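Engineer: Chain by chain, the residues:
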Amino acid sequence: MKVRPGAIDCDIHPAVPSTPALLPYLPDYWRDQLVNRHIDRSPFVLTSYPPNSPLSCRPDWRPASGLPGSDIDALRRQALDAFGTRYAICNVLHGAVALFNDDMAAALCSAVNDWTAKELLDRDARLRASILVPFASPEHAVKEIERLAHDRRFVQVLMLVMGDALLGNRRFWPIYKAAEKHQLAVCIHAGSTFRTSATYSGWPSYHVEDYVANSTAFENVLVSLVAEGVFQQFPTLKVVCAESGITWLPTLLWRINKEWRGTRAEVPWIDRPPADIIRDQVRFTLQPLDAPKDDPDKFLRTLEHIGSDRVFLFSTDYPHWHFDGDDVLPDGLTEETLQKLLNDNALETYPRLRDAGMIAAGKTHTSNEKI
Amino acid sequence: MNAPVLEKSLQQRLAIVDCDIHPDQKSPATLAAYMPERWREHAKTFGLRSRQGLVGQLTHPRMMANGRRADSFPPDGSPAGSDLGFMRKQHLDPNGVEVGMLVALGRNGMEEQNQDFATVLARAVNDWQIEEWVKPEPRLRAGIIVTQENPQEAVAEIERCAPNSSFRQVIISPRTTEPLGRRRYWPIFEAAERAGLPIGLHPAGASGGFPSTGSGWPTYYLQEHYSFETGMQGVLASLVFEGVFERFPKLRVCFIESGFTWVPAVCWRMDKHWERMRKEVPHLTRPPSEYVREHFWFATQPIEEPEHPHHLADMIGWIGWDRLVFSTDYPHWDFDDPRYTFKINLTERQRAMIFRENAKALYGLQ
Amino acid sequence: MARHVVAAVGDIKPGEKKLVTVKGREIGVFNVNGEFFALANRCPHAGGPMCEGYIVPLVAPGKPGEYKLTRNNEFIRCPWHGWEFEIRTGQSWCDPKDLKIRQFKVAVEPGQELVKGPYVAETFQVTVEADYVVIDL
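Protein chains in written order, with my numbering: chain A, 1 to 371; chain B, 1 to 366; chain C, 1 to 137.
In case anyone wonders, no lab produced these hints; they're calculated from the structure.
Heads up, some of the hints might be wrong.
To be verified - Heads up, simulated PhoX-like pairs for lysine-lysine below, C-alpha to C-alpha not over 20 Å straight-line:
no.: 1; chain 1: A; residue 1: K143; chain 2: A; residue 2: K177
no.: 2; chain 1: C; residue 1: K105; chain 2: C; residue 2: K18
no.: 3; chain 1: B; residue 1: K44; chain 2: B; residue 2: K135
no.: 4; chain 1: C; residue 1: K100; chain 2: B; residue 2: K343
no.: 5; chain 1: A; residue 1: K181; chain 2: A; residue 2: K143
no.: 6; chain 1: C; residue 1: K63; chain 2: A; residue 2: K177
no.: 7; chain 1: A; residue 1: K181; chain 2: C; residue 2: K105
no.: 8; chain 1: A; residue 1: K2; chain 2: A; residue 2: K293
no.: 9; chain 1: B; residue 1: K44; chain 2: B; residue 2: K89
no.: 10; chain 1: B; residue 1: K250; chain 2: B; residue 2: K135
no.: 11; chain 1: B; residue 1: K279; chain 2: B; residue 2: K360
no.: 12; chain 1: C; residue 1: K97; chain 2: B; residue 2: K343
Said to hold, decoys possible - Facing chain C, from chain A, some residues (calculated, C-beta under 7 Å):
no.: 13; residue: G229
no.: 14; residue: Q233
no.: 15; residue: R261
no.: 16; residue: A265
no.: 17; residue: W269
This structure is a prediction, so every number in the text was calculated from the model and none was measured.
Beta carbons are placed, not taken as given, at the ideal position from N, Cα and C, and that holds for glycine.
The following block holds chain A by itself, in its conformation from the complex (with noise of 0.2 Å):
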């Protein structure tokens, strides 16, 4: 089905078109090792997403050249304009994140952060996005969320679902803090720096099955966020499944809280069952929608499993491929489930999209002279 004008797109992943065009955004010093070293004669893109695969660009929506996503005029026609898009949040999934050396990855993600700025959110006020941050170093990244804050065109932070510890890992909690402090959401996305491998029997031979791993690793990010608690230590604090399918969480849900029934005395700070926690405090996104397309009533009766029409977010997923043509949407949705759907879950989820009048306060740093 179709999307009518107005929605709000949660995820779409414009790119960087090359390590190049990050050279003026970065210091003195990284700019000569990246030159010096040919480090930026590589494009940093994730093993998660191979730029010639199928699910990596949809046909009609690949460049002439170049990286998916990387032609931001393209985006604004295909994304944007083609349905109507109220505002889309800029998911850029950079592959600084996967480098070992936290300093690099945290001046690449400044960078990032920076062109994201110039070159998108100036350019099209329908646009905002996510503070890209070097999450496996979260004294860096709340640095870099520090810096970025005040500029309220940036929704939310994002990290991806697999790195190299469950993300409900204490030593993650300064992100949290930090987040929840300036009604930041946290968007955990999919995709992996690889760490160790996506399934616990070891390393899968093929992409589709490296990508079908995803939701698993959804589950058990979201079990480690409870179990270790999270939503009780950052009450107010949002969690956005991004690019992660929905159609497992009616299963997440009643284990989860089956579980905690049984080994409560460990986790004593959850003071209720955790189906209701995730149902208040985490989202996901539409795409992709991961039920049979010829047979509308799985999803229907999905949602009712669910139990609520709060949780979901809009979403296209440009350029990555999901759908054909325009029919983004699921068909049998109610008006009253499509309105949630299509704008006041993400208000309420991204309370910086309610900011009456976007305007960043001044221009963002365009260097990082710190490091």
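Once you've looked at the hints, dock chains B and C against the given chain A.
Structural biologist: Structure of chains B and C alone, referenced to chain A:
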């Protein structure tokens, strides 16, 4: 919310096939009689080595009685599940177990790092199952424990044990060192298919060396127990995407102790993404969900408990009423009692299928 | 309804329990800080023998990483899945509205009152000197 437990008259005759019973060894000396002297010495001196940080102890401690039902310890203080008489009295007789499928976890070689010792342990535990469980108790059937990381020896053990029709499946831990669909394990599938035995996948305590999740190790047992479900999804995807069922069209697989309501969503997910990524896996001639529909069975324990119980019927309908086989996991703590497990009304036919007929067909039971 | 004498008060000390059978029903009698309560020996979750579970304190909800024991001996964990129930009310701690162990009316009666009126005491010689736990069923 949870429906009240349905009161069942104790006079109601149960007759079930229990697809997951765990016999335990009374002591480290139990298997001694089944192994050569050189290995008895080795067992005493060096013990078992698995890929975890503690000897004979789990690094995610369990919540209840070290993972058992607190009431399942025989009166003489032996380990839970180690006394056949007590198992009869507490479980086989009152719960109407017509056939019980043994899954002999513990000191069995599945997790043993010393490859020769692992082979000896597997042989010993298979002989022990027959001598001390199946021979005295005709209701029980054994599962061939194999050293899955040593496929050559695993095949030899299948060939040694399969002629004894008391063995009804080949048991593998899904926590392997490579995803289970990969070719190094194919000789095991070939041997099982040739012997006409399904593969029973039941998690062992320690991993093959990888964290329990794709994002790292869990902190709490709540999370570790949860991950038994997600781990199985990865195994399912691997078996399907590697084309195991193209190569072994008669192979049957049973997932034990992972619940089942996760199955429809992962099938939909695999189908959806396979559609666009088909060229990566051209050896698949059909959508992934069709392989699942034809080759997989799912033991029911630990059964998921939807907030609205009738949602369970949706899931079973989507998986197929012929695909579930009832299991209790006796004597572990997350035991499902056959009288109270299903909080939905089942027709007589559905009850017969889940509690008996599906398992009889899967395992070729009389 | 009949009055069944199931124990002498001294038989069950605070923090202890005793499994009795009344009219074919298995019932656990609990002493919670001097008060007596009677619960069916069946977990409402999945039928486990509740009275073989452990009497426990409540691990109180607090901040992550904080562990505090309170309300000593007021809870019982089902011996199967370990779900926690408040002995006084029979209610599941995690699911108080929908999950509850069946309770029975229990009272402490002095022997000298009991010897006056009708009661059932299959295993007890009721004496006027002692106090007894009595279940109505």
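Engineer: Does each hint hold? Answer for all of them.
Structural biologist: Against the structure, the hints:
1. K143/A x K177/A: holds, 12 Å
2. K105/C x K18/C: holds, 16 Å
3. K44/B x K135/B: Roughly 28 Å separates the two Cα atoms, so the pair is violated.
4. K100/C x K343/B: Judged against 20 Å, a Cα distance of about 16 Å means the pair holds.
5. K181/A x K143/A: Distance of about 13 Å is within 20 Å: holds.
6. K63/C x K177/A: holds, 15 Å
7. K181/A x K105/C: violated, 53 Å
8. K2/A x K293/A: holds, 14 Å
9. K44/B x K89/B: Distance of about 33 Å is beyond 20 Å: violated.
10. K250/B x K135/B: Violated, at about 30 Å.
11. K279/B x K360/B: Violated: K279/B and K360/B sit about 38 Å apart, past 20 Å.
12. K97/C x K343/B: Holds, at about 18 Å.
13. G229: holds, 3 Å
14. Q233: It holds, given that the least Cβ distance between Q233/A and chain C is near 6 Å, below 7 Å.
15. R261: holds, 5 Å
16. A265: holds, 4 Å
17. W269: Holds: closest Cβ of chain C sits about 5 Å from W269/A, inside 7 Å.
Taken one by one, the earlier hints fail for this structure at numbers 3, 7, 9, 10, 11, listed in ascending order.
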